[in-house]
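Chemist: Here is what each chain is made of, one letter per residue.
Protein chains: 2
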Amino acid sequence: MRIAVDTMGGDLGSELPVRGAIGALDKRDSLEIVLLGPSDLLEQQLDGVVGNKPEIRKRLQVVHAPEIIGMDESPVEAVRKKKDATVMVGFELVRRKKVDAVISAGNSGATMAAAIRKLGRLKGVSRPGIASFFPTLKKPVMLMDIGANVDCRSQHLLQFAVMAASCSRLLHGIDRPRVGLLSIGEEASKGNALVKKTHELLTASSLNFCGNVEGSDVYKGNVDVIICDGFVGNVALKTSEGLADAAMQMLKDEISQTWRAKIGYLLIRKAFAKFRQRIDYAEYGGAPLLGINGTGIICHGTSDALAIQNAVFVAADMVDNKVNDAIIRALFEYSG
Amino acid sequence: MRIAVDTMGGDLGSELPVRGAIGALDKRDSLEIVLLGPSDLLEQQLDGVVGNKPEIRKRLQVVHAPEIIGMDESPVEAVRKKKDATVMVGFELVRRKKVDAVISAGNSGATMAAAIRKLGRLKGVSRPGIASFFPTLKKPVMLMDIGANVDCRSQHLLQFAVMAASCSRLLHGIDRPRVGLLSIGEEASKGNALVKKTHELLTASSLNFCGNVEGSDVYKGNVDVIICDGFVGNVALKTSEGLADAAMQMLKDEISQTWRAKIGYLLIRKAFAKFRQRIDYAEYGGAPLLGINGTGIICHGTSDALAIQNAVFVAADMVDNKVNDAIIRALFEYSG
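These protein sequences, in sequence, are chains U and Z.
Note that my numbering numbers the first sequence so that position 178 is 178, with each residue one more than the last.
Note that my numbering numbers the second sequence so that position 156 is 156, with each residue one more than the last.
Derived from the structure by calculation, the hints contain no laboratory data.
Incorrect hints may appear among the rest.
Pairs count within a copy or across copies, as identical chains cannot be separated in the list.
Mimicking PhoX-like on lysine-lysine, the simulated pairs with C-alpha atoms at most 25 Å apart in a straight line are [claimed, not checked]:
#1 K83 with K322
#2 K138 with K123
#3 K138 with K262
#4 K53 with K27
#5 K252 with K139
#6 K252 with K262
#7 K274 with K98
#8 K190 with K81
#9 K270 with K252
#10 K97 with K322
#11 K190 with K83
#12 K274 with K252
#13 K82 with K190
#14 K274 with K262
#15 K196 with K53
#16 K83 with K196
#17 K138 with K220
#18 K98 with K197
#19 K190 with K53
Put together the whole structure using the sequences plus the hints.
Modeler: Okay, here's the thing in structure tokens:
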């Protein structure tokens with residue numbers, strides 16, 4: 001198993017992806033990792049970090065990829081112009097079967113565009129999409145799509161459900177994942193035209209469809225998979241991130257007002273740290289691209305080493321469990 | 001100024017709306033309130049609560065409205081069949097100029113349907129909608145629409161912007177409210193077809209349009225008004241509520257694990273209470289219906305007395321400041 005890690009994509013430089021890669025190698029002996037980025041810089045960095053750990057060093061390879069795609073660049077244009085961008089080089093390695101998967105914390109649109117350009121779509125897939133794990137009071141839920149497809153038809157949402165259910169089944173060992181459709185009320189009559197039509201398709205399908213779920217259900221953990229178009233999914237994801245950040249800031253403001261509260265915080269901070277870990281996306285291993293003819297994981301631009309490490313594990317699990325074969329089979333059933 | 005309060009709409013019975021109404025009367029001498037619900041029950045309740053407060057009691061009137069519209073009922077059907085439902089009686093009082101506004105914590109679709117049926121739309125309005133206040137790190141932001149209109153055209157979103165900006169200007173005393181368009185990236189090229197078209201209309205308008213905002217910007221408070229279709233707005237609102245509930249639950253779980261954390265919590269709990277107050281929707285006075293030929297405020301089904309009281313104040317401020325006249329004038333400018 002060999003995974004390529006983009007070291008230049010994130011907002012925080014190459015150090016964290018490199019440390020994440022080393023963390024993954026440290027925990028799983030069977031892994032090899034290819035680091036994508038400017039080779040001079042990376043080789044130098046590796047000398048410093050794992051120069052005295054030959055067992056790790058020998059499972060690390062550097063592949064030169066000097067170009068960076070900025071967060072604000074147009075994905076389609078960027079992948080057309082920048083042949084040597086980290087994600088382009090990475091998915092080319094997947095195409096040539098030199099690596100099994102690519103991890104990137106860079107421009108997600110560009111990562112998706114590079115994957116489609118280099119690998120194409122899986123047989124039967126109309127629109128590849130991005131799934132993401134959300135923490136809940138129970139097990140994490142997989143929400144798809146979180147931003148790749150902003151104008152969808154119901155047929156696309158049905159395919160998202162089939163793909164995400166296949167992935168959830170194999171990754172989380174759930175026999176028949178419960179599928180919910182994100183809407184604005186539980187009844188089948190609630191929702192916009194797209195959602196109502198999708199409700200019909202999902203009801204007629206052989207998926208374990210549990211009906212509509214509302215925004216307030218996302219964090220309850222009563223379903224395993226939640227389906228929505230990429231515009232709605234992106235708003236749900238980013239609004240949640242924004243609220244978590246703002247709430248933490250407000251809470252800090254209040255705590256800093258009195259000595260009593262400051263002392264209380266000292267006593268409580270371990271519980272706080274555990275709580276933050278529970279809601280931390282980094283724990284959940286990034287957002288898998290589903291529907292491409294290969295394996296790719298998008299990480300948040302501010303991913304730390306742990307997030308990269310966990311994304312490597314999710315990618316390895318997806319390859320090991322042959323998620324893509326399962327998706328092709330499941331879609332074939334639906335196409336008749 | 002006389003405001004009608006629906007006492008039967010919420011999930012928690014008539015006691016909280018009654019207490020909210022009394023709280024509002026206690027704070028503002030110029031107010032009168034009409035309580036809508038089964039008159040026997042309400043008169044009995046009032047005897048118990050304000051029997052010894054004649055100054056409050058004389059500004060409280062009960063109007064018999066025996067029918068209740070359940071949260072799961074179809075709004076259009078319910079208002080057609082239940083002529084004596086609290087919201088139908090309430091907006092009939094507005095129509096006959098017996099009261100200035102209606103507050104309800106009931107079925108929001110039915111409240112909107114009753115308002116449209118009894119009062120109609122304001123001149124020039126294509127689609128009335130529901131605005132809601134979101135807490136932020138700075139001042140509250142007004143987001144519209146949060147669920148009344150699930151399939152919108154760009155022209156509808158432009159009207160939401162005009163209406164919400166008029167309301168924000170008069171309620172919050174902001175000269176030129178900053179208007180953001182909810183999307184999945186800051187650039188004008190980001191978003192679905194509806195949002196891109198709306199971006200053009202807003203750019204060409206004389207509104208103080210600040211471009212796209214993302215879900216992560218909602219709680220930052222860098223704009224005064226955020227525009228989106230009702231499906232997206234409802235998902236953003238309810239996902240936020242769900243996350244806040246789940247996060248609080250997770251934090252409690254962690255705190256209950258050790259004695260040290262429990263003691264810390266005792267020291268910190270005042271700061272916690274202040275924080276909860278800051279993120280509590282109840283502080284912000286419900287969600288105004290904008291575009292109807294009258295004034296109505298929808299409250300959350302689980303509203304407490306404070307939420308109802310603040311909604312009464314917001315309704316009174318909207319009437320006092322002639323928000324509807326401003327909306328008609330502003331829309332007239334846009335229609336040429």
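Chemist: At most 25 Å between C-alpha atoms: does K190 with K81 qualify within a copy, between copies, both, or neither?
Modeler: between (44 Å within a copy, 20 Å between copies)
Chemist: What label fits K97 with K322 when the C-alpha limit is 25 Å: within, between, both, or neither?
Modeler: Result: close within a single copy only, 15 Å intra versus 68 Å inter.
Chemist: Indicate which option fits the pair K83, K196 if close means a Cα-Cα distance not exceeding 25 Å: within, between, both or neither.
Modeler: neither (42 Å within a copy, 29 Å between copies)
Chemist: Using 25 Å as the alpha carbon limit, work out where K138 and K123 are close: within a copy, between copies, both or neither.
Modeler: neither (34 Å within a copy, 50 Å between copies)
Chemist: Is it within, between, both or neither when you check K82 against K190 at 25 Å Cα-Cα?
Modeler: Classified as between; 21 Å across copies, 45 Å inside a copy.
Chemist: Using 25 Å as the alpha-carbon threshold, which applies to K274 and K262: within, between, both, or neither?
Modeler: both (18 Å within a copy, 15 Å between copies)
Chemist: Given a CA cutoff of 25 Å, do K190 and K53 count as a within-copy pair, a between-copy pair, both, or neither?
Modeler: Close neither inside one copy (58 Å) nor across copies (45 Å); limit 25 Å.
Chemist: Between copies, within a copy, both or neither: which fits K270 and K252 at Cα up to 25 Å?
Modeler: Classified as both; 15 Å inside a copy, 13 Å across copies.
Chemist: Quick one: K274 to K252, C-alpha cut-off 25 Å, is that within a copy, between copies, both, or neither?
Modeler: both (17 Å within a copy, 11 Å between copies)
Chemist: First find the shortest C-alpha distance between K83 and K322 inside one copy, then the shortest across copies, and answer within, between, both or neither for a cut-off of 25 Å.
Modeler: Answer is neither; intra-copy 29 Å and inter-copy 60 Å both fail.
Chemist: Checking an output row: K98 and K197, CA cutoff 25 Å. Within, between, both or neither?
Modeler: neither (42 Å within a copy, 44 Å between copies)
Chemist: Checking an output row: K53 and K27, CA cutoff 25 Å. Within, between, both or neither?
Modeler: within (14 Å within a copy, 71 Å between copies)
Against the hints set out earlier in the document, violations occur for numbers 1, 2, 7, 15, 16, 18 and 19.
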